[in-house]
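Chemist: Below, each chain spelled out in residue letters.
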Amino acid sequence: MTGASGIKLLTEDGRRLDGRALNEIRRCRIEAGVLKNADGSAYIELGRNKIIVAVYGPREVHPRHEALPDRMLLRCRYSMLPFSVADERKSPAPTRREVEISKVIREALEPAIFLEEFPRTSVDVYIEVIEADGSTRVASITAAAVALADAGIPMKDLVAGVSIGKIEGKLAVDLSGIEDQYGEGDMPIAMMPRLGEITLMQADGRFTREEIVQALKMAREAILKLYEEQKRALKERYSMVLATELGEER
Amino acid sequence: MRMPLYVSSGQLVVPGELIAEGSYEVHGPFVASGKRYYAKVLSVVVVEKAKQVRLIPLKRAYIPNEGDLVVGKVIDIGPTFWLVDINSPYTALLLISEISPRLSPQQKEMSEIFRVGDLIAAKVLSFDFTHDPLLTVKEPKLGRIARGLLVEVAPARVSRVIGKKGQVADYLSETLGVELIVGRNGRVVVIGKSPDDETLAAYVVTRLCEKPYVEDPLEEAKKLVEIAKKRWAA
Numbered sequence: 001m002t003g004a005s006g007i008k009l010l011t012e013d014g015r016r017l018d019g020r021a022l023n024e025i026r027r028c029r030i031e032a033g034v035l036k037n038a039d040g041s042a043y044i045e046l047g048r049n050k051i052i053v054a055v056y057g058p059r060e061v062h063p064r065h066e067a068l069p070d071r072m073l074l075r076c077r078y079s080m081l082p083f084s085v086a087d088e089r090k091s092p093a094p095t096r097r098e099v100e101i102s103k104v105i106r107e108a109l110e111p112a113i114f115l116e117e118f119p120r121t122s123v124d125v126y127i128e129v130i131e132a133d134g135s136t137r138v139a140s141i142t143a144a145a146v147a148l149a150d151a152g153i154p155m156k157d158l159v160a161g162v163s164i165g166k167i168e169g170k171l172a173v174d175l176s177g178i179e180d181q182y183g184e185g186d187m188p189i190a191m192m193p194r195l196g197e198i199t200l201m202q203a204d205g206r207f208t209r210e211e212i213v214q215a216l217k218m219a220r221e222a223i224l225k226l227y228e229e230q231k232r233a234l235k236e237r238y239s240m241v242l243a244t245e246l247g248e249e250r
Numbered sequence: 251m252r253m254p255l256y257v258s259s260g261q262l263v264v265p266g267e268l269i270a271e272g273s274y275e276v277h278g279p280f281v282a283s284g285k286r287y288y289a290k291v292l293s294v295v296v297v298e299k300a301k302q303v304r305l306i307p308l309k310r311a312y313i314p315n316e317g318d319l320v321v322g323k324v325i326d327i328g329p330t331f332w333l334v335d336i337n338s339p340y341t342a343l344l345l346i347s348e349i350s351p352r353l354s355p356q357q358k359e360m361s362e363i364f365r366v367g368d369l370i371a372a373k374v375l376s377f378d379f380t381h382d383p384l385l386t387v388k389e390p391k392l393g394r395i396a397r398g399l400l401v402e403v404a405p406a407r408v409s410r411v412i413g414k415k416g417q418v419a420d421y422l423s424e425t426l427g428v429e430l431i432v433g434r435n436g437r438v439v440v441i442g443k444s445p446d447d448e449t450l451a452a453y454v455v456t457r458l459c460e461k462p463y464v465e466d467p468l469e470e471a472k473k474l475v476e477i478a479k480k481r482w483a484a
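Same order as they appear, the protein sequences are chains E and X.
Under our numbering, the residues of the first sequence are numbered 1 to 250, in order.
Under our numbering, the residues of the second sequence are numbered 251 to 484, in order.
What the hints contain is simulated information worked out from the structure, not anything from laboratory work.
For clarity, every value in this text was computed on a predicted model and none was experimentally measured.
Keep in mind that a hint or two might mislead.
Here are the simulated lysine-lysine pairs, BS3-like style, with alpha carbons at most 30 Å apart [what the hints assert, rightly or not]:
#	chain 1	residue 1	chain 2	residue 2
1	X	Lys473	E	Lys235
2	E	Lys231	E	Lys103
3	X	Lys461	E	Lys156
4	X	Lys473	E	Lys225
5	E	Lys103	X	Lys309
6	E	Lys235	X	Lys285
Partial pick of chain X residues on the chain E-facing surface, computed with a CB cut under 10 Å [to be verified]:
#	residue
7	Tyr256
8	Leu262
9	Val264
10	Leu268
11	Val281
12	Tyr288
Heads up, the beta-carbon is just placed ideally off N, CA and C, and yes, glycines get one too.
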């Protein structure tokens, strides 16, 4: 059977084009504190996606009139580099899509941050997609949470995200670019892993009630895996700092 | 009743990670939900006693506190105040009333007292998040810093340069023959008789603030002074 597009996304033995099982996420590697000039930063590779996130703050708000009297202002900018996409070079000007994704990422991160801790300040999150291969908004959220923690921003929990899609009528975790393009649906989901609270849920395509319940279950499982990688990245970064200081003198 | 501790000394915790459950005394940034304690920022854990845990944040912006000594940089002159950068998300104000009884001075007079770019030692008079922090220079030893070497360290770690009851700062100024102005905002000024003295002291201060956590700052300072002296002798 093939999907609505007529392109075959599953092999006879039920594997996906890149050999993954339906509930399998792509290889994910996160690195924390990759930039010296930012207050916090993170780099994520999820399959072929490569995304770098820089966090600045808490700092004084510019322009000043945007400052909020009772809480911190969280600003996000998701942007794709001209060479991040396979087809024609993307114009560096922010597209409507990027503006929207910036907004949903901000809303996905906001619930995890103790914004009231530093009134009248801002935290700025800059997300640069170096190479894109599907599910970049959720990968950006996963990396941004690590960068925020690295910057020392007070948070309730980290946030991690994954996309659930429908290919040839079956639910699949972590859509690749091609699966997103030719599949029948895409549902990006972000959660606070420990609390299990959903902070982002979008969908295009058709999903039945049962499929949504199943999708959330699959997302939760994948997000817990990503959460482990987030923690590993943060701990590795600082175990290096701790190790270099033990004893040895320069 | 079970009262588990989920962490051990030297461990790193991420925001939202469970620290302990039960009657614990937790210091540092945490969130409690009932009797469960969770980390709030990226921190190193120090188990001080059986039921006492301290979380030491790895990074922290300087938030002014009433009475803090800070080292500020004058960035602008207003009609009746100076704007002072105190290495914080909040820019401080030093009002003219703190210095002279004249309420509407001439611009020229203002810059005769402090000019843009001047480094000043000041105390935080008040701060409550709704308004910018106010500074004072009314106490002795406060005011313009005419010379010295400015060292910038992490605000989260600067307290170890002071030490318990100022022990570390006293020790450093005595053995190294320098005067130290330790701003809570992570700015330390060392004033010595020669540039060499100042560089040596600056080296010790920088190294002292490198580690995320030191158990005994005074011991650490003594060790670093030894190392620095050897390096400078060579």
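Chemist: Each of the hints needs a verdict: does it hold here or not?
Modeler: Structure-based check of each hint:
1. X:Lys473 <-> E:Lys235: Holds, because 28 Å separates the two Cα atoms, which is no more than 30 Å.
2. E:Lys231 <-> E:Lys103: holds, 25 Å
3. X:Lys461 <-> E:Lys156: Holds, at about 26 Å.
4. X:Lys473 <-> E:Lys225: Violated, at roughly 44 Å.
5. E:Lys103 <-> X:Lys309: Roughly 27 Å between the alpha carbons, so the hint for lysine 103 of chain E and lysine 309 of chain X holds.
6. E:Lys235 <-> X:Lys285: Holds - the C-alpha atoms of lysine 285 of chain X and lysine 235 of chain E are around 26 Å apart, at most 30 Å.
7. Tyr256: Since the shortest Cβ distance to chain E is 12 Å, the answer is violated.
8. Leu262: holds, 5 Å
9. Val264: At 5 Å from the nearest chain E Cβ, valine 264 of chain X passes the 10 Å test, so the hint holds.
10. Leu268: Because about 8 Å separates leucine 268 of chain X from the closest Cβ in chain E, which is inside the 10 Å limit, the hint holds.
11. Val281: For valine 281 of chain X, the interface hint holds, since the closest Cβ of chain E sits about 7 Å away, which is under 10 Å.
12. Tyr288: Hint holds; tyrosine 288 of chain X Cβ to chain E Cβ min 8 Å, cut 10 Å.
Hint compliance for this structure: hints 4 and 7 are broken, all remaining hints hold.
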